[in-house]
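Residue numbers (this note's numbering), protein chains in the order written: chain A, 787 to 1125; chain B, 787 to 1125.
Simulated from the structure, these hints should not be mistaken for laboratory data. Keep in mind that a hint or two might mislead.
Identical chains share a label here; the pair holds if one copy fits it or two copies do between them.
[As the list claims (entries may be wrong)] The calculated SDA-like cross-link candidates involving lysine to any residue, where the alpha carbons are at most 25 Å apart (straight line), are:
#, residue 1, residue 2
1, LYS809, SER1059
2, LYS986, SER899
3, LYS1095, ARG955
4, LYS986, ARG937
5, LYS986, PRO1016
6, LYS986, PRO903
7, LYS809, LEU1051
8, LYS809, GLY1038
9, LYS986, PRO1096
10, LYS986, ALA939
11, LYS986, SER1078
12, LYS986, ARG955
Keep in mind the model is a prediction, meaning the values are calculated, not measured.
Protein chains: 2
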Amino acid sequence: MTSLYEQAGVSIDAGQKAVNLMKEAVTATHGPNVLAGIGAFGGLFSLEGLLDGLARPTLVASTDGVGTKVKLAAALGRYRGIGHDIVNHCLNDIACAGEGVRPLFFLDYIASSQLAPEMVAEVVSGIAVACRAAGCALLGGETAEMPGVYRPAEFDLVGTVVGLLDAGRVFPRPTLATGDVLLGLPSAGAHTNGYSLIRKIFETTPLDAEFAGIGPLGDALLTPHRGYLPELARLREAGIAVQGLAHITGGGLVENLPRALPAGLTARLEPGSWPLPPLFRLIQQQGGVPDSEMRRVFNLGVGMVVIIKPEQAAAALETLAEGWRIGEVVEGDVLLWSG
Amino acid sequence: MTSLYEQAGVSIDAGQKAVNLMKEAVTATHGPNVLAGIGAFGGLFSLEGLLDGLARPTLVASTDGVGTKVKLAAALGRYRGIGHDIVNHCLNDIACAGEGVRPLFFLDYIASSQLAPEMVAEVVSGIAVACRAAGCALLGGETAEMPGVYRPAEFDLVGTVVGLLDAGRVFPRPTLATGDVLLGLPSAGAHTNGYSLIRKIFETTPLDAEFAGIGPLGDALLTPHRGYLPELARLREAGIAVQGLAHITGGGLVENLPRALPAGLTARLEPGSWPLPPLFRLIQQQGGVPDSEMRRVFNLGVGMVVIIKPEQAAAALETLAEGWRIGEVVEGDVLLWSG
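The following block holds chain A by itself, in its conformation from the complex (with noise of 0.2 Å):
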């Protein structure tokens, strides 16, 4: 039996399977501080044991999609690493609020015009494996069928993480100065930032097509968002006094570096100090993109900017085992580009 609510285009008992297929994976990222089983109506997470320690606990948090990189992802069929590409952009971001972020939770929401249960399973299994790496719970999400308001056969991800702190620890630090230096992390690609412009430029394009240094294009182009997480971690243990963090997402390092810097102070940044990746090559190439587009749409091969003190660089990158020294601080208002 059909019921009129099914007919109407939204199946309750697709989305109950869905909702069981995901239910394994998440409860893999559960640790002791969730309180599962009670507390249906929203997921429950104790702070006992993490406020030892935190002079002034603070919770950080930050909602966050992977725009219209789903529409790749649709069209290869392929929607694990899309789960990825939305933990790490999360994670990412709260890492910049302070020294020593400890990830919480991630609550999840994925609407699509028609739920396929594989695909939500397939989505949520990124998610909780990427969760799990971060010690973060996945302690929560909805899932929405949405006939009329997404097209038929694309979806919407959309992503809420919660960590914890002490407010006395936060970015930027008080003892960031002109003449700290900036490291570059290595992205793994566009990650997700750009990709209206990417699918725009390469719209005839098989996704399919292999280019030299790149690979199929389709492969280059779903590489997953790299979370830094444990670069910092490593930073951290090794002693580094990390003064600031930039997470280069939309708007790229033009509008990011600033948002890690306090008023007065500017980056000056050395765009030859790094290798533009094949990718991005391609991309200003294919697209006859100008420099200065470029270095505010994409991040240019640099997912993560870690600001230190110049004497602790070259320990730093020795730590990192790679990145770059991309630049540094210096007063003003605008970011500089030499060389």
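Since the structure of chain A is provided, determine the placement of chain B on it from the hints.
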């Protein structure tokens, strides 16, 4: 100059304008616990002063959307109410987690094929007003333009709320037992559930058509989701010991009441004990929807069910001023409809 990125359908400036417009409304929701101006990559919310008296401080979180009610808002160009919808929906959900849940902060996500700054400002203003009424900070949000994912002029709205409670006071209370009374609190309309079916039933009916006891159809259908935090606070102040709460959302009383009850207990409802609002009568008649489906899609006039001890039922109804005794807790697994 139109940048290539704008030609591809993404207007950075339109997004920026929306961000500026919403800023003022957002700031008005901020109390001393919002550490504004720092941590620009994520919103910062201090827990200082909020943990006192909580033996086992626990966070409760929920992410949700408002379903295809957004299509009606888009069709009528009325966006403010939909902001109230998402906030109240989320707040009601976390209220069901336990006694005295304190909402801390809310984050929103608004995406469309193209962002109209005025539309975003209207939605966010609605969100901000509803947040402020609940003493909840609007801590952050994200807007996204996703041409090719959303149908033209359509949008989606996602909200996440985080609250604080004591893990020793979660619902259902250990004292919840057979014979406890179910009090129904009146809904304001269909709230945010069943809109795909509603839109199908009324697809050829003009939204300005007037119906007896209902008024203009569009107005009735866009009436915002009611929030029950004030009612719950009144019960607490009157010394009424709530045993459990069920927010009646998608799945109706049939699916949501069992979520509020421990295993082995179910509810016996007396459907004649509260008035079916004219809107639901119209929906049922116009759509020829059987009772069984009405019950598992719509709230049928009951937006929240409060479970209390029989000896406190009269005092509770007096305190609430509105509401009905709609049934009681009985042994069993299957929801019963008597009368």
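Evaluated hints:
no. : hint             : result
1   : LYS809 - SER1059 : neither (46 Å within a copy, 37 Å between copies)
2   : LYS986 - SER899  : both (23 Å within a copy, 15 Å between copies)
3   : LYS1095 - ARG955 : within (16 Å within a copy, 48 Å between copies)
4   : LYS986 - ARG937  : both (18 Å within a copy, 18 Å between copies)
5   : LYS986 - PRO1016 : neither (34 Å within a copy, 50 Å between copies)
6   : LYS986 - PRO903  : between (30 Å within a copy, 24 Å between copies)
7   : LYS809 - LEU1051 : between (47 Å within a copy, 24 Å between copies)
8   : LYS809 - GLY1038 : between (36 Å within a copy, 22 Å between copies)
9   : LYS986 - PRO1096 : neither (41 Å within a copy, 65 Å between copies)
10  : LYS986 - ALA939  : both (19 Å within a copy, 20 Å between copies)
11  : LYS986 - SER1078 : within (18 Å within a copy, 48 Å between copies)
12  : LYS986 - ARG955  : neither (42 Å within a copy, 54 Å between copies)
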